[in-house]
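Engineer: Quick note, the sequences are listed as chains Y and A, same order. At the far end of the first sequence sits residue 310, using the working numbering, and the numbering has no gaps. At the far end of the second sequence sits residue 438, using the working numbering, and the numbering has no gaps.
It is worth saying that the hints were derived from the structure and are not from the lab. Keep in mind that a hint or two might mislead.
Pairwise CB distance ranges, derived in the manner of DEER restraints [unchecked claim]:
#1 Y/M43 / A/E362: 52 to 58 Å
#2 A/D258 / Y/C189: 43 to 49 Å
#3 A/I431 / Y/W96: 34 to 40 Å
#4 Y/G114 / A/D156: 38 to 44 Å
#5 Y/G114 / A/I431: 56 to 62 Å
#6 A/E395 / Y/F165: 33 to 39 Å
#7 Y/F273 / A/E360: 40 to 46 Å
#8 A/E362 / Y/L289: 52 to 58 Å
#9 A/G247 / Y/F216: 41 to 47 Å
#10 Y/G306 / A/E321: 48 to 54 Å
#11 A/E395 / Y/G306: 51 to 57 Å
#12 Y/K68 / A/D393: 52 to 58 Å
#13 Y/G306 / A/I431: 22 to 28 Å
#14 Y/K68 / A/R295: 45 to 51 Å
These numbers were taken from a predicted model, which means no experiment stands behind them. Yeah, the Cβ is synthetic: ideal placement off N, Cα and C, and Gly gets one too.
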Amino acid sequence: MSDMLHVSSNPHVRSKVTTSSIMLAVVLALLPAAGFGIYNFGMHALLLICVTVASCVATEFVYEKLMKKTVTIGDFSAIVTGLLLSLNLPPMAPWWIGVVGGIFAILVVKMLFGGIGQNFMNPALGARCFLLISFTSIMTNFDCDAYTGATPLAQLKSGITPDVFSMVIGRTGGTIGETSMIAIVAGACILILLGIIDLKIPGSYIVSFVVFICLFGGHGPDPAYISAHLAGGGLMLGAFFMATDYVTRPITKKGQYLYGIFLGILTGIFRVFGASSEGVSYAIIIGNLLVPLMEKVTLPKAFGKGGEAV
Amino acid sequence: MAKSTFVGGIHPFEGKELSKDKPIKAVLPKGDLVYPLSQHIGAPASPIVKKGDHVLQGQKIAEAAGFVSAPVYATVSGTVKAIEPHRVVTGNEVMSIVIENDGLYEEVEYPVHKPYGELSKEEIIGIVREAGIVGMGGAGFPTFIKLSPKEPDKIDYIIANCAECEPYLTSDYRRMIEEPEKLIGGLKIMLRLFDHAKGILAVEENKPDAIALLKKLTKDEPDIMVTPLKTKYPQGSERSIIYATTGRAINSSMLPADAGCIVDNVDTIVAVYHAVTDGKPLMYRIVTVTGDAVRDPRNFIVRIGTMYDELIEEAGGFVQEPAKVVSGGPMMGFGMFDLHVPTTKTASALLCLTKDDVSEMEPTACIKCGRCVEVCPQRLVPNKLMVASIHDDAETFLRLNGLECVECGCCSYTCPAKRPLTQTIKSMRKIELAKKKK
């Protein structure tokens, strides 16, 4: 029987958490936002979500088959990317936008850099920015059956304070998944309770953003103005679901605070001084690019070498 | 100022329920006993018996070969059958003395020492050295060296490591419950060596009965305190337990004595007690035989040199063919491929699992989730260390303090991508430490 025994280096036990279980939890946590998006904008939103997710999964599958690599669609990360991208699309965008975006996200941003864990930029956001630049008029047209005219942030930009209550609920225009603060925060709570994300990045992001707009927004600490900024755009979705993306955020504790603060300030600059009303996506992908640098300057000190209190 | 825990760590499945309520049971060896000459850190002992010699229980059969070394004693009476290489738990073959047990257990006459209060410090250290006592928690470092630091006046604490943070292990717990007076007695003997030292019995909170018992027994001992520790692995790692009890932090280039501490495991302290009060050398240790593959998980008091396969028989054999057998705990023990190996001074447990997590879980790509960074008790960045190790990038490995790793296994345990972080870092560490020695 001795040849039946397995031998390996320690440790001999492993936790039950796996990459797939983490990604599956993120999918579940995105469902409230997705569900509200469908309820808010109608069946076309559902179609877009399905097409985008399918496009992401299919791209990963085909690429890995062609390159004769292990197929990794079972880890659910392509579904997360597809969901996130679709939640960032305008509700009436044509279906092929989802297909093109999905292919770009997975093929260009993720697979060409080595697949899961190797991409330097959040695939969903990379694809969104690609679509914004390539198909600007489609990607900035938020008119749909339910809502016409400016999104809350665009109203804010032109000096009108939108109705905060409907923004918190999510009965406003915007991308499919960003409108409902309640649905997003509910999803985020699931992730926090499961220990998948924590408040280091979202907390420092939101707090530093609020501080920035209080100082430079021109309205001072006006609660209506601040809550409009918090609930009215992609900030909640970005802070809880995209800035916390494991692969593209710093791995060190101090680095995560630094990253959150950087994103808050950058988003503030884009929203207050930029030409466009929104700035979360650009802030996060610029933040992504600086992650290696942030990790380098925030490496923890080893225990017994000054690092015990961390 | 004292904190009762450290930063980082994990909460693996404890598994202590299997054997924690099983009283210590004595086991008589059936077959031959095997005594590897290297059961400790340092030079292997040199045999002083030869094939065909008759030996008694308690007779020295190999003596220390150098300063950092330890003698080995026969634990049964019988005949020296061979001096030959024998497989040990690590899988290596080590030169060993094989003794055929005559079943009579005739003992030598043990030396009678004066009460420890009348012995000089040098005499006590000499007794500990002669008794072949080494760190029985797993390290195997000769205890007398720990007890003779350069500046004994600067030792403030002797920490009895009663954390037993490794899952499944209950040998220290049983010792604390069944023979606490020996543990306290041993600690008092050790305190006698240091004029300014206080004794700390540091116990994890998952053993409240042991804490209560030790507190009761030490309430009239002003120099001994009982410190409950948060239940978390690796609370009993030397650096973690020093930090948890005293707030002092040491790194890999320091000894506990540099922080004014001496840390010893429960069984080691009990061995000191026996050596000084009964004149008996190190011959026994408690071994937990446990795991879901074992019919009747138990704690045994074992004559060192007894074969592991005999212990499995004593525990009722296997309920189910084990997928993995580990000498020691699941976090830092050695995976065994052969059960016909001897117990040694450092063998704390035999864990038989029906499921092997490691071979069942295929490693995938790192998603940089940061869990390894969060759990590392040495505050390292294991995923970066692993990359440096794979690329054989010594410069980065050293810059990221790879040598500070204590190989506790938290990073591998927690990794959702099931990457062999500890193993990879451990290998690289070995290479770098070897380079350093040159």
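Engineer: Next, verify each hint and record whether it holds.
Structural biologist: Hints, one by one, checked against the model:
no.: 1; hint: Y/M43 / A/E362: 52 to 58 Å; verdict: 40 Å, violated
no.: 2; hint: A/D258 / Y/C189: 43 to 49 Å; verdict: 46 Å, holds
no.: 3; hint: A/I431 / Y/W96: 34 to 40 Å; verdict: 54 Å, violated
no.: 4; hint: Y/G114 / A/D156: 38 to 44 Å; verdict: 52 Å, violated
no.: 5; hint: Y/G114 / A/I431: 56 to 62 Å; verdict: 27 Å, violated
no.: 6; hint: A/E395 / Y/F165: 33 to 39 Å; verdict: 58 Å, violated
no.: 7; hint: Y/F273 / A/E360: 40 to 46 Å; verdict: 55 Å, violated
no.: 8; hint: A/E362 / Y/L289: 52 to 58 Å; verdict: 32 Å, violated
no.: 9; hint: A/G247 / Y/F216: 41 to 47 Å; verdict: 44 Å, holds
no.: 10; hint: Y/G306 / A/E321: 48 to 54 Å; verdict: 50 Å, holds
no.: 11; hint: A/E395 / Y/G306: 51 to 57 Å; verdict: 21 Å, violated
no.: 12; hint: Y/K68 / A/D393: 52 to 58 Å; verdict: 29 Å, violated
no.: 13; hint: Y/G306 / A/I431: 22 to 28 Å; verdict: 26 Å, holds
no.: 14; hint: Y/K68 / A/R295: 45 to 51 Å; verdict: 48 Å, holds
Against the hints set out earlier in the document, violations occur for numbers 1, 3, 4, 5, 6, 7, 8, 11, 12.
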